[in-house]
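Taking the hints into account, I'd like the entire structure generated from these sequences.
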Amino acid sequence: MTAPAHSILPLKVENLSYRANGLVLIDSVSFALERPVRTVILGPNGAGKSLLLRLCHGLIPPSGGQVAWNAPDPARHQAMVFQRPVLLRRGVAANVGFGLRLRGVGRAERRARVAEALALAGLTDLADRPARVLSVGEQQRLALVRAWILRPEILFLDEPTANLDPAATRAVESVIDAIHRAGTGIVLTTQDLHQARRLADQILFLHRGRLIERAPAERFFAGPASLEGAAFIKGDLVW
Amino acid sequence: MSDIGAGFALALGLIWSLDADFVEIVLRSLYVSTIAVALAAVIGLPLGAAVALFRFPGRHFVAVLLNALMGLPPVVVGLSVYLVLSRAGPLGVLGLLFSVPAMILAQSILVTPIVAALTRQTVEDLWVEYAELMRSLGARPAQMVATLLWDARFSLFTAVLAGFGRASAEVGAVMLVGGNIDHLTRVMTTTIVLETSRGDLPLALGLGLVLIVLSLAVNGAVYLMREVTREPVA
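So the protein sequences, as listed, match chains A and B. Quick note on numbering: the first sequence equals residues 849 to 1087 in my numbering. Quick note on numbering: the second sequence equals residues 50 to 283 in my numbering.
Derived by calculation from the structure, the hints in this document are not laboratory data. Every value quoted in this text rests on a predicted model; they were computed, and no experiment measured them. Mixed in with the good hints there might be a few duds.
Pair ranges (Cβ atoms, derived) [what the hints assert, rightly or not]: (1) Glu862/A with Val91/B: 28 to 38 Å; (2) Asn116/B with Ala868/A: 29 to 39 Å; (3) Leu273/B with Asn863/A: 54 to 64 Å; (4) Pro909/A with Phe110/B: 33 to 43 Å; (5) Leu273/B with Arg1056/A: 46 to 56 Å; (6) Ala916/A with Arg184/B: 15 to 25 Å.
Don't be surprised by glycine CBs; every beta carbon is placed ideally from N, CA and C.
Structure follows, in structure tokens:
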């Protein structure tokens, strides 16, 4: 991918907080993403992983702190895939090309890019099927390339393989890999240690709304600096 | 009893022979209600979707109002349109009273709230599912409305058919603003009222049969639509 003239990276998250009903769900989280690497937000259930992703993507306004991007109109250069893929009541190809349509991309270019995206997701043969009859794994791959087709600099993925069997998980992960190799930075949440090991360049370890540890993946898995991180790796951190 | 029996026989004869007056009345009814429902759809679908999607002051009031207006009494609509179109009324200069356009206007006023209220419910449910995706993709408001209307198209078709059922069956509004003028504004329901009071049962019964068949056809279409578009289990 050719880098845009003004990259939206680095992303700077500063003292980000989110409160609801008197509960502090995200508690002054700060970090920066300089390059389009693969970042895994790791943590147990209820750590605030999805919430952090939504705050970064701008879907919900923070209660405090800020999410700052390096270039104007950052929303246009990022995308997100949700834990349960939202599929439009249309065919597979129409789903994949939907974002391009919204941006007024012409039919010919759209068709070419949709074909390329379908090939990347391994969905070419299913192009004309109604999207909602696909298997869950196929739906997730569809959602991935529907986001990727917009050539985001950063792609947020919220537990992309929750509830998938190992084969479907592997298929989804290979699509994620391909998207990353094509130049898109990945920010992915998971509570699956194995997945984090397979995919992460760096780890953001989140626990009870606080960013406990940020480390390159190798260092984190060799020995987390935090007690919570160590407990999580051993499987002792329940909540 | 024999009167009714004979009436039925004559009624079936009218239908079978495609009696010219009879056919004219049926076609005028369909014309008036179809155009009225088309207008109601053009206004009601986007209106319902907008109320479902956008947060504005008084939104809940509008939603309640639309639901309340679903049960609008046809004679009241007829009376209001009559007052507006009558010679002394604000639109009296148009000279539309006792004409087909006046009937179409009255029926679309009757049906628009039905289409809008059913659309709002349908679109609101779909919006719960689509909202984050649409915002993530940066859809503009008009694009959101268009997407939701298109993706809810099958349910919305049902809403429009419900509106058509209401329009074709009502008598009060078209009677008041149309005047039931022979060969000009006479439709099925107004003819039934007139012919029954005159004791001419065959025509009334024949038109009644057509209305029932029409209602069956509309509801059958709704049912088929639901069956065909039932969500596949993934």
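The hints, checked one at a time:
1. For the pair glutamate 862/A and valine 91/B, the beta carbons lie near 49 Å from each other, so the given range of 28 to 38 Å is not met.
2. Remark: the range hint 29 to 39 Å for asparagine 116/B to alanine 868/A is upheld by a beta-carbon distance near 31 Å.
3. Between leucine 273/B and asparagine 863/A the Cβ separation comes to about 58 Å, which falls inside the hinted range of 54 to 64 Å.
4. Distance hint check for proline 909/A and phenylalanine 110/B: the Cβ-Cβ separation is about 26 Å, which falls outside the suggested range of 33 to 43 Å.
5. As the Cβ distance of leucine 273/B to arginine 1056/A is approximately 53 Å, the hint placing it in 46 to 56 Å holds.
6. For the pair alanine 916/A and arginine 184/B, the supplied restraint of 15 to 25 Å holds, since their beta-carbon distance comes to about 19 Å.
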